[in-house]
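Q: Chain by chain, the residues run as shown.
There are 2 protein chains.
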Amino acid sequence: MSKFTFKILAKDNKTGARAGKIKTGRGEIETPAFVPVGTQATVKSLDNQELERIGVQIFLVNTYHIYLRPGLSVIQKFGDLHRFMGWNKPLMTDSAGFQIFSLGEANRQRRLRFSVVEEEAPLVRISEEGVTFRSHLDGSEHIFTPEKSIEAQITLGADMMVAFDECTYYPSTQSYAKAAMQRTHRWARRCLVESEKLGKSQALYGVIQGGVYQNLREESAKFISSLCFAGIAIGGVAVGESKKEMVDVLDWVFPFLPEGKPRHLLGVGEIEDIFVLVGRGVDTFDCVMPTRLARMGFALRKNKAQRQEHKVEKEKYLIDLNKSRYALDEGSIEEGCQCLTCQNYSRGYLHHLFRAKELLAYRLVSYHNLYFMERLMKQIRNSLKEGRFSELRKEWL
Amino acid sequence: MSKFTFKILAKDNKTGARAGKIKTGRGEIETPAFVPVGTQATVKSLDNQELERIGVQIFLVNTYHIYLRPGLSVIQKFGDLHRFMGWNKPLMTDSAGFQIFSLGEANRQRRLRFSVVEEEAPLVRISEEGVTFRSHLDGSEHIFTPEKSIEAQITLGADMMVAFDECTYYPSTQSYAKAAMQRTHRWARRCLVESEKLGKSQALYGVIQGGVYQNLREESAKFISSLCFAGIAIGGVAVGESKKEMVDVLDWVFPFLPEGKPRHLLGVGEIEDIFVLVGRGVDTFDCVMPTRLARMGFALRKNKAQRQEHKVEKEKYLIDLNKSRYALDEGSIEEGCQCLTCQNYSRGYLHHLFRAKELLAYRLVSYHNLYFMERLMKQIRNSLKEGRFSELRKEWL
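Quick mapping for you: the protein sequence lines, in order, are chains A and B.
Under our numbering, the first residue of the first sequence is numbered 65, with each subsequent residue one higher.
Under our numbering, the first residue of the second sequence is numbered 65, with each subsequent residue one higher.
Among the hints, a few may not be true.
For identical chains, the list gives no copy identity; a pair is met inside one copy or between any two copies.
What the hints assert, rightly or not - Below, computed lysine-lysine pairings styled on DSBU-like, alpha-carbon distance capped at 35 Å:
#1 Lys380 to Lys421
#2 Lys286 to Lys78
#3 Lys141 to Lys387
#4 Lys421 to Lys212
#5 Lys308 to Lys67
#6 Lys286 to Lys387
#7 Lys141 to Lys458
#8 Lys421 to Lys71
#9 Lys368 to Lys141
#10 Lys421 to Lys387
#11 Lys87 to Lys421
#12 Lys387 to Lys261
FYI, nobody ran anything at the bench for these hints, they're computed from the structure.
Just need the whole structure built from these sequences, with the hints factored in.
A: Now the structure itself:
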C-alpha cells in the first residue's frame with residue numbers, strides 16, 4: 065500500500081470538516097470528494113472523456129455486479145477494471161457485502177409480505193465462513209467470504225477497496241446488530257490478512273457497523289480504527305434510518321477515528337446531507353443519487369426563494385423536467401452553469417427528450433448533475449482552504 | 065430560396081456519379097452526403113458536439129413526429145427547430161407523407177392478418193384534399209394537406225424540405241401506383257404554390273413516385289423535373305421491392321433529371337447500396353440504418369476476407385457485438401479507426417455494455433457507425449475529385 069497516502073491540507077475551526085489529498089498510484093483525489101457510482105463498470109450514459117471534463121476524480125464500481133457479469137475472468141483477461149473500461153484515474157470497488165445483503169433484505173421483505181413458505185431456499189444465507197447467495201441474473205448459487213471479496217477486488221485492481229462486512233438493515237434489534245458487528249470485526253481481520261497476502265498497492269478500507277446503537281458504533285469505531293487499514297469506511301447508514309439517526313451515528317463514531325486516515329461514508333450523498341457529513345469530517349462519499357435522479361428527469365440546482373422554481377418545485381435542490389411547465393422554457397437548467405448541457409440545451413428541449421423517452425435526455429441531465437456535484441465539492445474544498453466553510457454552508461442551507 | 069445553391073465540382077467519366085456542394089443559409093454540404101436521421105429532433109443518443117466531431121453536415125428530422133410531439137407551437141416559441149435543438153448547421157425535414165403512409169400500411173397489414181371488421185375506423189384516409197390520420201401516440205385525429213405539410217415545414221425552418229407525396233407501397237397494382245403518382249403530382253404543384261406564398265429561404269424538393277413501373281417513373285421524373293423545385297427527391301424506394309427493382313427505378317429516373325439540381329434519395333443507405341446509388345448520380349440520401357443497427361449492437365466495419373470476422377460474421381459490413389465471441393476481445397471495432405469509440409473502447413467492453421443493457425453501449429456504437437459513414441462518404445467524394453471512383457468501388461464491393 066506504499067503508493068496510497070492521505071494528507072490533511074486545511075481544517076475548519078468550528079466543525080470537524082477538513083480538506084485533504086489522497087494520493088494513489090493512478091493520481092490524486094482532492095477531498096472532500098464525491099464518488100459517483102459506475103455499478104456495471106460504467107457511470108450510466110457517460111463516457112470517460114465526459115467524466116474527465118466534468119472533473120470526476122474517482123468513481124466506484126460494484127464488485128457484486130462485475131463478479132456476476134461479465135465475471136472476474138473477463139476482467140483478468142483485460143488486466144484490470146481500469147484497462148477493461150479505459151479509465152486511467154483512481155477507482156474504488158466495494159466489498160459486494162451491501163449488494164448481497166440488499167438482495168437478502170429484499171427477499172426477506174418479500175417473504176414477509178407474501179408469507180412465502182419456509183421451505184423455499186432463501187436468496188442469502190450467512191455463516192461465519194461467509195455468505196451464500198443466488199445471482200439476481202440467473203439464480204446460480206455463489207459464496208462470498210472475506211477472502212474471496214478481497215481476492216475479487218484485487219483482481220478488479222481498483223486503487224481503493226473495502227473490507228467485507230455484514231450490513232444490518234434498519235430497523236434491527238440491538239442483539240442482531242451486535243452479532244453482525246462482531247462478525248464484521250472478525251471478517252475485517254480476515255480481509256486484512258488476505259489483503260496483506262495478495263495485495264499490491266490497493267488501499268483497503270475497514271468498515272464500521274453497529275446499527276443505530278451508540279455503544280456498538282463506538283465499539284466498532286474503536287476496533288476498526290485499531291487495525292492497520294489504509295482508510296475507514298462507515299457502513300450501514302442510509303438504509304432506512306432517519307436523518308437524525310444518521311447524524312447521530314456520525315457523531316458517535318468520529319471522535320474515535322484516527323485523524324490521519326481518510327474516511328469514506330458508504331452510499332450517502334443527497335445535497336442536504338453533504339454539508340452535515342463534511343462538517344463531521346467525512347473525506348469521501350459515494351452515492352447513486354445524482355445519476356439516478358437524472359435518469360428520472362430530475363436536475364440538480366439550487367432553487368432560490370425569489371425564483372419561480374421555489375414556488376413550483378417542492379424540492380429545494382431539484383427541478384422535475386418531466387413537468388409540462390418546462391415545455392416552453394428557453395432557459396437552461398441552471399443559469400450561469402458552465403456545463404455542456406446548460407451551455408447548449410434548454411429546459412424545453414430536455415423536457416421534450418424526456419417526454420419522448422430519448423436516450424440523449426438521460427445523458428445530458430446525468431452530465432449536469434455530476435457537474436453540479438463536482439462544482440459544489442470544489443466550492444467546499446476551497447471554502448475549507450480559505451476558512452469560510454461555515455459561510456458557504458449558510459449560503460446553501 | 066436565394067440562399068440555396070448547388071454546384072457540381074467533379075464528375076465520374078464511367079458512371080453518373082458526381083461530387084458537388086450544396087450551399088444553404090446555414091452552411092455547406094459536400095456531396096455525395098449521407099444524411100443521418102434525428103426522428104424526434106435528436107440523432108438518438110448523440111449530442112450536437114458529437115455530431116460535429118463526427119463530421120455530420122446535415123441531418124433529417126421527421127415532421128410527422130415533431131408535429132405530434134412536442135407540437136409546432138413549441139417549436140414556434142423557440143423560433144425554429146435549429147434553436148430548439150441547439151444545432152446551427154443545415155437541417156432537412158420530410159413531408160410527413162411517408163410516416164403517415166407507413167402507419168396506414170401497418171394498419172392495412174394488421175387488418176388483413178387479423179381480418180379486422182371493416183367498421184373499425186382506419187388509421188389513414190386519403191382524399192384529394194389531403195390525408196386524415198390518427199396519432200400513434202394518443203389516437204387523436206389530424207389532417208395533413210400539401211399546404212399544411214409546407215406550413216409545418218416552414219414553421220420547423222429546416223434548410224431543405226420535401227413536398228407532400230403519396231407513397232405507394234410494394235407491391236401495388238399499376239393502376240393504384242398511377243393514381244397515387246398523379247395525386248403526388250397535383251400535390252407537388254400545391255406545395256410549390258404554398259411554399260412560394262410562405263417561403264423564406266427554405267429549399268423545396270419535389271418527389272418522384274410511380275412504384276416499380278418504368279412508364280410511371282419516367283412520367284413522374286419528367287413532370288417533377290419540369291417544376292421549379294430546388295431539388296429532386298426520389299420516393300417510394302426501399303419499401304419492400306428487391307434491390308434489382310430499386311436499381312431499375314434509379315436507372316429509369318435519372319436520364320430525365322436536370323443536371324444542375326441536387327438529388328435526394330429518401331430512406332436508403334445500406335453500405336451495399338451506397339456505391340450503386342452514388343454511381344447513378346444521387347447527391348444525398350437519408351437512412352436510419354447506421355444508428356438503428358448501432359442500438360441493436362451491430363457495428364459497421366469492412367470485414368476483409370482474410371480476417372477472422374469474415375469467417376464468423378455472415379455480414380460483409382457488420383459485426384454483431386452481442387455475440388459471446390467478443391467477450392474477451394481487446395481490439396477495437398475497427399483497427400485504425402480514429403473515432404472516439406475505437407480509440408478508447410474494446411469490443412469486449414462494448415459486448416459487456418450490450419449484455420448489461422447499459423446506455424453507453426447504444427451511444428458508443430452510434431458514434432462509430434456514423435463516423436464510419438462519414439469517412440466512407442468523404443472517401444467517395446475524394447475519389448470523385450481525383451478520378452478514381454471506380455477503383456474505390458472495386459475496393460469496397
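Q: Now look at each hint and say whether the structure bears it out.
A: Results of checking the hints against the structure:
With identical chains, the CA atoms of Lys380 and Lys421 are at most 35 Å apart both within one copy (26 Å) and between copies (33 Å). For a Cα distance limit of 35 Å, the shortest separation of Lys286 from Lys78 inside one copy, 24 Å, qualifies, whereas the shortest one across copies, 85 Å, does not. Taking the shortest Cα distances, Lys141 and Lys387 sit within 35 Å of each other only across copies (17 Å), while inside one copy they are farther apart (46 Å). Taking the shortest alpha-carbon separations for Lys421 and Lys212, only the inter-copy value of 27 Å comes in at or below 35 Å, while the best intra-copy value is 40 Å.
With identical chains, the CA atoms of Lys308 and Lys67 are never at most 35 Å apart, being 37 Å at best within one copy and 66 Å at best between copies. In this assembly of identical chains, the alpha carbons of Lys286 and Lys387 never lie at most 35 Å apart, being 49 Å within a copy and 51 Å across copies at closest. Taking CA atoms no more than 35 Å apart as the test, Lys141 paired with Lys458 passes in neither setting, with 50 Å inside one copy and 39 Å between copies. In this assembly of identical chains, Lys421 and Lys71 lie within 35 Å of each other by CA distance neither inside one copy nor across copies; the values are 45 Å within and 40 Å between.
When the C-alpha separation of Lys368 and Lys141 is checked against a cutoff of 35 Å, the pair qualifies only between copies, where the shortest distance is 26 Å, while the shortest distance within a copy is 51 Å. When the C-alpha separation of Lys421 and Lys387 is checked against a cutoff of 35 Å, the pair qualifies both within a copy, at 14 Å, and between copies, at 27 Å. With identical chains, the CA atoms of Lys87 and Lys421 are at most 35 Å apart between copies only, with a shortest distance of 34 Å across copies and 41 Å within one. Taking the closest pair of Cα atoms, Lys387 and Lys261 never come within 35 Å of each other, the shortest separation being 55 Å inside a single copy and 38 Å across copies.
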